[in-house]
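Enquirer: In case you want the letters, here they are:
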Amino acid sequence: MITRMFVIADNSSLTPQTVVNYIVSLGKTLNIKDTCYGIMVEGDGDVVENVTLKVRDKFNGDIFSKHRAYPIGDERRCRATRGGGARPGYYFLIQEYKMLPFISKVLKEKRFKKIDKKKVKPVDVDLLKKVIKEKV
Amino acid sequence: MKVFIYPPNSMILQDLVERFGHTPLALAKEIDRRVNDPELDSPPMNITEIDVKIGLKYAAIEVPSGVRGRLALFGPLIDEAEAAIIVNNFPSTFGCMACARTNELTIYLIKQKKVPTLELDYPKNEEEVEDFVARIKEFLEDLK
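These protein sequence lines map, in sequence, to chains A and B. When we follow my numbering, the leftmost residue of the first sequence carries the number 1, and every step to the right adds one. When we follow my numbering, the leftmost residue of the second sequence carries the number 1, and every step to the right adds one.
Just chain A, with the same shape it has in the complex (with noise of 0.2 Å):
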C-alpha cells in the first residue's frame, strides 16, 4: 500500500476534480481524496505507479507528483485531528509550489535552456597583499 500527492501547477486551468474522474474512469481500486493542491491517491504499490505514469502522460507539466509517506487521513499528519495548523510537510509544499508554474512552463514548451554562470574569481592575492599594507 502506498501513498501519492499529485501536485496541481498554479499556472494550470486543470482542477483535482478532473484529475480525480479521469483516475475513476480508470477503473482501479484507489483511495483518492482531493485536497486544495491537488490529490492523494492511496493503494497497491504497482497500481499506484501505473496511475502516476497515465497521470503524467495525460496532464504532462500541468502535475507533479511525489511519494507520501503516511496514509490519507492519518491522525499522525492529518489537521483534522490535530487542532489546526499547518501539516508538518506544508512548508516545503508552500515552497516548491511557488516555482511550479516557471517548471511547468518549461516541461509543456521544452525550452530545455541552460545558462553560462560565470564563476566569481578569488581576489588576487598581490593585490590583497597591497590593500593589506596601505590600510593596516
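Don't take each hint at face value.
[Stated by the list, open to error] Computed cross-link-like contacts, DSS-like style, restricted to lysine-lysine with a CA-CA straight-line distance of at most 30 Å: (1) A:LYS121 <-> A:LYS105; (2) A:LYS118 <-> B:LYS113; (3) A:LYS117 <-> B:LYS2; (4) A:LYS28 <-> B:LYS2; (5) A:LYS105 <-> A:LYS118; (6) B:LYS114 <-> A:LYS58; (7) B:LYS114 <-> B:LYS144; (8) B:LYS124 <-> A:LYS119; (9) A:LYS114 <-> B:LYS113; (10) B:LYS137 <-> A:LYS117; (11) A:LYS58 <-> B:LYS2; (12) B:LYS144 <-> A:LYS58; (13) A:LYS105 <-> A:LYS33; (14) B:LYS137 <-> B:LYS114; (15) B:LYS113 <-> A:LYS121; (16) A:LYS113 <-> B:LYS137; (17) A:LYS110 <-> B:LYS137; (18) A:LYS58 <-> B:LYS124; (19) A:LYS118 <-> B:LYS137.
[What the hints assert, rightly or not] Taking CB as the label site, the calculated pair distances span: (20) A:ARG76 <-> B:ALA60: 30 to 38 Å; (21) A:ILE94 <-> B:LYS2: 22 to 30 Å; (22) A:LYS130 <-> B:LEU143: 43 to 51 Å; (23) B:MET1 <-> A:LYS130: 46 to 54 Å.
[To be verified] If you want a taste of the chain A side facing chain B, the calculated C-beta under 7 Å gives, among others: (24) LYS66; (25) ARG76; (26) PHE102.
Keep in mind that the hints were calculated from the coordinates and are not lab data. The structure presented is a predicted model; accordingly, all values stated were derived computationally and were not measured. Positions of the beta carbon are idealized from the N, C-alpha and C atoms, including for glycine.
We have chain A; now place chain B onto it with these hints.
Expert: This is chain B only, laid out in the frame that chain A set:
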C-alpha cells in the same frame, strides 16, 4: 538508475527524476517503512534507539543522537545511490532539512561515494528555473 536527491523530500526533484526515466531515492520511502510498521514504538516518526545505532555506520559516536537518527534515514538511501542530484542554497523553510550538521554529513557521504553527481543552486527566477531543469534533464539523460 537509482538517483539520490538532496533535499531528499523534494517533490520537484522526485518528479523530474521519474519524468526523465530514473528511480528517485527520496525520504518518503524510508519514513513510509517506519510509520506503517505495525510495531509503533516511538510515534510519530518511529525513530527508535535501533535507528540511532544504525546511524553509527554513518557518523561517529560523538555526533549528537539527533544527527545520527536523521542519518539512519538518509544513510540507507545513500548506500543504494548510483547517482545524485544536490541542490544547494535552498530556503530554510524547504522541508524538514533544518539540521545543518546532518546536511553537511549527507553531502559529504554522497561525495565520498564518488557516484556521478550534479550540484545546482536553488533557482530564484524564471531564467534560473529553465537552466535548473535543463541541467537536470541533461544529467539524467547522460546516465542512461
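Enquirer: What are the numbers of the hints the structure violates, in ascending order?
Expert: Numbers 1, 6, in rising order.
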